[in-house]
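K.L.:
One letter stands for each residue in the lines below.
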Amino acid sequence: MPKIKRIYLDHAATTPVDPVVFAKIRPYFSEKFGNPMSVHSFGQEAMAAVDQARVQVAYFLRCQPKEIVFTSGATESNNLAIRGTLKAYQAKKENQGVIPHIITTQFEHHCVLNTCQELEKEGQIEVTYLSVYADGLVRLADVKRALKSNTILVSVMYVNNEIGTVQPIVEIGQLLREAHSVERIARNSKRSTFRDTRSKILFHTDATQAVNYFDCDVNKLDVDLLSLSGHKIYGPKGVGALFIRDKSAITHVQSGGDQEAGMRAGTHNVPGIVGMAEAIRQIKSSKSKVKNNEILKLRNYLIKKVLKEIPKSHLNGSLDQRSPNNANFRFDDVEGEGLILSLDMEGVAASTGSACSSGSLDPSHVLLALGLKHEQAHGSLRLTLGKSTTKQEIEYAVKILKKIVSRLRKISGDVLKEFK
Amino acid sequence: MQYSKKVLEHFTRPHNQGKIKNADGVGMVGNPKCGDIMRLYIKVAKTKGKSETLKDVKFETLGCGAAIATSSMVTDLAKGKTLDEAMKITRQNVADNLEGLPPAKMHCSNLAADALHRAIKNYREKK
Chain A
1 MPKIKRIYLD HAATTPVDPV VFAKIRPYFS EKFGNPMSVH SFGQEAMAAV DQARVQVAYF
61 LRCQPKEIVF TSGATESNNL AIRGTLKAYQ AKKENQGVIP HIITTQFEHH CVLNTCQELE
121 KEGQIEVTYL SVYADGLVRL ADVKRALKSN TILVSVMYVN NEIGTVQPIV EIGQLLREAH
181 SVERIARNSK RSTFRDTRSK ILFHTDATQA VNYFDCDVNK LDVDLLSLSG HKIYGPKGVG
241 ALFIRDKSAI THVQSGGDQE AGMRAGTHNV PGIVGMAEAI RQIKSSKSKV KNNEILKLRN
301 YLIKKVLKEI PKSHLNGSLD QRSPNNANFR FDDVEGEGLI LSLDMEGVAA STGSACSSGS
361 LDPSHVLLAL GLKHEQAHGS LRLTLGKSTT KQEIEYAVKI LKKIVSRLRK ISGDVLKEFK
Chain B
1 MQYSKKVLEH FTRPHNQGKI KNADGVGMVG NPKCGDIMRL YIKVAKTKGK SETLKDVKFE
61 TLGCGAAIAT SSMVTDLAKG KTLDEAMKIT RQNVADNLEG LPPAKMHCSN LAADALHRAI
121 KNYREKK
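Residue numbers (this note's numbering), protein chains in the order written: chain A, 1 to 420; chain B, 1 to 127.
Just chain B, same shape as in the assembly (with noise of 0.2 Å):
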């Protein structure tokens, strides 16, 4: 499996990894049948008379390398930013930021802006 410079860096030293305790919100995603699962942690900022922004993002995953990885370049590229832009974080953009995953990944392990979009769903319907 070739993977890119980025995502054995990501894959090797995660960044935001582990639990949000209390968090807002929590994004599931994935099953143990096809071996990748993951779970994403929000806490939300709220400012009076501005949008409501991701303070921190954590996750935790069981997967393979590119699973890891995506995991860990979904919280880089959601942290500070508002639900609505983190809403339009697409898988697309997760694997561009990596360089690029092996196709095989694209569809398999490449679910970790699903999991941010599940969490933020997961807050407002708690809101």
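Pulled out of the complex, with its shape left as it was, chain A reads as follows (with noise of 0.2 Å):
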């Protein structure tokens, strides 16, 4: 095969390690390869870049240190939040024989919606997925009406992964204290003889695809739970963090030593943790605010184009409330693994939510909660810009792009139109 230039569309997936995060993670492999856990000088040595990237995280985050704690990636510290906040309930006295109910929704990454789904038919918890809409999002009214007497946990992403949708998380950290304070108003006014044991509802979102392009204050937030990953933000892979407010309130699920203060077993580590907290501060330079609006820019470029020069194409989800890196699209009568491996061949990586390309014969259960027919999320194709892309790499794209389509559209004929 000749030599083509690669295009990489694929930002969501993964992000290259920026070359200043590398440079800072290199001397703590072979020079500064301590265990943080040791006493002696090299222990000391790496336990302090361990705390110095707590320090970093938790200033991105506006949140105490103390209040971080690492993990392998987003799907530890998504498991953690849940399974955590679960074991924590059930360690109560007062809790025994009472199952407690989760909300999330029914477009969470995998990592949230199977921990649930586990639990659930192993009869720990109930749950309740919340619908979402065309527009790929939540509804505030929704997110009341499940509430319950037995919730203790609101699970819900901030930027979905595949769709870029931004979903209301100050709303809903809102209106979880507003329903607390109520409850706690009434049950005082009862003058109930009983304790008031029953402690906040938990709110946790996963925000490992929006670290790169929202506020993630936790206070405005009001989340008690968040969880991101290092490779999504120009870090390394194999590194995450979740944020916990009230450490009493999650017990730890994987067991060993003392790690991140009993929280997380298992030896840090800490070149990736030094690295994601290099990407993390610069997240926050100037420098990377101008980059974030040249990508929306160029977002809203290729958006534009692709719906103006492909005929029958659409996009799926909000075009206002989504993140500026996303383009999410979906082609009548074309199926998405041929796509993406054609656009593959002449150097263009994205990705599509056809269950082609994922090995299960569902495609994306994001694309099927908005709606969408199971032909139409087979269609689908997702872009997603980084800050190395340039306009001239939309330019081909969206050139390849028309000609793929009609390739395939060639090739497909009129088949679908049986089924209509």
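Rather than coming from a laboratory, the hints here were simulated on the basis of the structure.
Every residue, glycine too, gets a C-beta built ideally from N, C-alpha and C.
Heads up, some of the hints might be wrong.
Simulated crosslink set (BS3-like; lysine-lysine; CA at most 27 Å straight-line) [said to hold, decoys possible]:
| no. | chain 1 | residue 1 | chain 2 | residue 2 |
| --- | --- | --- | --- | --- |
| 1 | B | K19 | A | K420 |
| 2 | B | K126 | A | K420 |
| 3 | A | K312 | B | K19 |
| 4 | A | K312 | B | K33 |
| 5 | B | K48 | B | K79 |
| 6 | B | K55 | A | K410 |
| 7 | B | K43 | A | K417 |
| 8 | B | K81 | B | K58 |
| 9 | A | K289 | A | K148 |
| 10 | A | K402 | B | K58 |
| 11 | A | K391 | A | K289 |
| 12 | A | K387 | A | K402 |
| 13 | A | K403 | B | K43 |
| 14 | A | K420 | B | K58 |
| 15 | B | K21 | A | K410 |
Derived list of chain A stretches under chain B, where covered just means 3 residues or more per stretch with a C-beta under 8 Å from a C-beta of chain B [what the hints assert, rightly or not]:
| no. | segment |
| --- | --- |
| 16 | 39-52 |
| 17 | 371-382 |
| 18 | 412-419 |
Derived Cβ-Cβ restraints for the label pairs, each shown as a range [as the list claims (entries may be wrong)]:
| no. | chain 1 | residue 1 | chain 2 | residue 2 | range |
| --- | --- | --- | --- | --- | --- |
| 19 | B | K88 | A | E395 | 48 to 54 Å |
| 20 | B | P103 | A | A261 | 42 to 48 Å |
| 21 | A | E395 | B | K121 | 47 to 53 Å |
| 22 | A | T14 | B | K88 | 42 to 48 Å |
| 23 | A | R407 | B | S4 | 18 to 24 Å |
| 24 | B | R124 | A | R407 | 29 to 35 Å |
| 25 | A | K403 | B | Q92 | 33 to 39 Å |
| 26 | B | H15 | A | E171 | 54 to 60 Å |
With the hints as a guide, dock the two chains, each given alone in a separate frame, to form the complex.
P.N.:
In structure tokens, the structure reads:
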């Protein structure tokens, strides 16, 4: 195959490690290789780096360093948030025999969805999976309606990983706080004799796709738990963090050493932690703000151009309430895997919600949750931009895309018609 | 998804793609839910005293790389064969001639042989 220029438009899958970040990480492999749990100077050197990283992450989230727990990534963070909340709840004597209730959405990442489904299957929790609408947004009224007396946790992602839609996290946080105070007042006014042991409903958000572009101030968001990941923000893979406002509300789920104040056993991934913290520090720079604006402009250009130049193309999800780097299209009479395969052959890396690309039989649960038909979801294409994306790359990608869509449509003819 | 070179060749430049006007038989398989739909057209040559052969075979497929490649391959395999020979072409034959398919694709996207068989049955029923 002749060497072609490769264009990466899959930044929601992962991002390249920023060279500045990489430079920070390097010493922590062979020079400063100590185990932070060791007492000697090698260990202390590593611990100092982890501590500093913790301060940097906390600064970004506007929380206390002690409220940050480093993990292996957002999947682990989300597991810890949900399983840890449940475990802490179950450990309380007064909760014996009560099946708690968790609220989440139909279009969460699988690490949240599958965790909830497994716990539900085991009979440990009951779950409400909130609907989302064609715009890809959760409705506040639905959250309110779903609240029950046994609700212990609400978990709603900040930015959806497939369609990039931004959920009303601030509003949900506010709603939960109000719901809590109303209930407390009600209970107090009844002067009930039994002790009010009911604790606040915890609010968790998976902010993995939000960190690059949105305010993650945990107080503004009014969240109790927030997950993030290193490799989506130009940091390394295999590292993440969970913000935990009140550690007494969470019990660890992985047993072992005393790392992370007992919240997460296992030797620290020191290079990863250092790298993620540096990546987060970069986001706060003014350069990064300018970059994000450029990404937004390019993305808008991409959407406009695709919808204009490619017939029977559609944008999935809201345009306004959307992460600046995300475009998710669907094309009638085209199947997504063929699309990304052809794009890849022409050097353009993208992803699809088609089943064929995932190994499962069903297409993207996110697109189905928006109310799309199977064949529409199969015909989807996600293009996610990054800080190195150029206008020339977008021009090229659209040109190629147009050609491929028309080729695949020629091959498919009108076979779908028979099913209409 | 690791596809063989042969699959990619057939996916990129499928053989015998398109419709046959006034086809003698048409076979359709798949459904929108699973994402792969194939329609296969046949034209049958009838020479006196000889068995009927497939003079032309064409396809239209909405589907993934494997679905398009298997469609293309089955038309290659079937063309010129007698109807009885063509009925014996299996999914496995198609996959083998494509230098294999990824395991996940063996069942869901390897429907082309079925489409061929249906087209032949369709022809025979019409007779």
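K.L.:
If you check each hint against the structure, which ones fail?
P.N.:
9, 13, 16
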